[in-house]
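Going letter by letter, the sequence shown gives residues 1 to 201 in this note's numbering.
Errors might be hidden in some of the hints.
What the hints assert, rightly or not - List of simulated lysine-lysine pairs, DSBU-like, C-alpha gap at most 35 Å: (1) K115 - K128; (2) K197 - K38; (3) K126 - K197; (4) K122 - K197; (5) K20 - K8; (6) K197 - K128; (7) K38 - K122; (8) K20 - K5; (9) K38 - K128; (10) K126 - K115; (11) K38 - K57; (12) K115 - K197; (13) K38 - K20.
Bear in mind the hints are in silico, worked out from the structure with no lab data behind them.
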Amino acid sequence: MDYFKMTKAELESERQNLHKEYNAFERMGLNLDMSRGKPSPEQLDLSNAMISITDIKDDTGADARNYGNLEGLPEARRFFSELLGVSPAETLVGGNSSLDLMYQMIALGWQFGFKDSPNPWKDCGKLKFLCPVPGYDRHFRVTEIFGFEMLPVPMTAHGPDMAIIEELVRDDAVKGIWCTPVYSNPDGYTYSNDTVKRLAG
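Can you make the complete structure from the sequences, with help from the hints?
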């Protein structure tokens with residue numbers, strides 16, 4: 001249906017039909033939670049034991065209730081380093097919102113640049129970002145906010161299509177890629193070792 005080709009009478013009829021459909025849904029009294037990535041009650045129950053913890057010192061003797069260091073709790077870094085297959089020294093634990101950390105990284109690049117990109121991205125002209133698809137819309141929203149042209153990269157069961165990535169990154173305007181290498185959203189794929197090595201190369 002092409003609304004641009006419809007007459008005024010046809011548009012009015014369509015509006016009335018859609019209004020009837022909307023009212024029918026409204027009468028159903030649905031209470032739908034459309035949020036994504038929200039833990040189930042069973043997952044939340046896994047953290048119940050934390051409420052009764054009385055040992056408040058971390059491995060360094062610091063009070064874990066207070067401001068911590070930038071890298072995160074040593075115990076948390078050790079735990080997640082095992083899951084990620086890297087050393088604790090290569091692991092940062094910065095809160096429970098990865099999206100917030102990602103936003104902060106983009107904002108830092110935008111305002112200050114990075115070691116391999118010393119000029120602030122805002123001064124670099126056209127900006128591009130690689131977006132494996134299907135992907136997470138909130139990741140894409142961050143790059144949209146900062147004015148990046150988003151370049152779609154098809155996902156495979158082994159991760160994003162590396163042949164396409166290796167071609168696209170020849171363009172200096174490409175500043176990064178959205179990656180969730182383990183259990184990527186929404187397909188749940190884990191990147192293969194070969195994909196990870198090529199991404200890091």
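Practice task
Compare the distance between the alpha carbons of K126 and K115 with 35 Å, and conclude whether the hinted pair is satisfied.
Solution key: holds, 19 Å
| message | Next pair to validate is K38 with K122; report whether the Cα-Cα distance is within 35 Å. | response | Holds: K38 and K122 sit about 33 Å apart, inside 35 Å.
ask   = Does K197 pair with K38 here, judged by a C-alpha cut-off of 35 Å?
value = Roughly 31 Å between the alpha carbons, so the hint for K197 and K38 holds.
| query | For the pair supplied as a hint, K115 and K128, is the alpha-carbon distance within the 35 Å limit? | reply | holds, 18 Å
For a C-alpha distance cap of 35 Å, please report whether K38 and K57 respect it. Holds, because 29 Å separates the two Cα atoms, which is no more than 35 Å.
Next item on the list: Given the hint that K126 pairs with K197, test it: the Cα-Cα distance must not exceed 35 Å.
Entry: Holds, at roughly 28 Å.
Q. Under the criterion that the straight-line Cα-Cα distance not exceed 35 Å, is the pair K122, K197 satisfied?
A. holds, 30 Å
Just to be careful, I want the Cα atoms of K20 and K5 compared with a cutoff of 35 Å; is the pair within it?
The given pair, whose Cα atoms are some 22 Å apart, holds under the 35 Å limit.
**Item:** Distance restraint between K38 and K20, which requires alpha-carbon spacing of 35 Å or less
**Value:** holds, 32 Å
Holds or violated: are the alpha carbons of K20 and K8 at most 35 Å from each other? Status holds; Cα separation ~19 Å.
For a C-alpha distance cap of 35 Å, please report whether K197 and K128 respect it. holds, 22 Å
For a C-alpha distance cap of 35 Å, please report whether K38 and K128 respect it.
holds, 30 Å
The structure agrees with every numbered hint stated previously.
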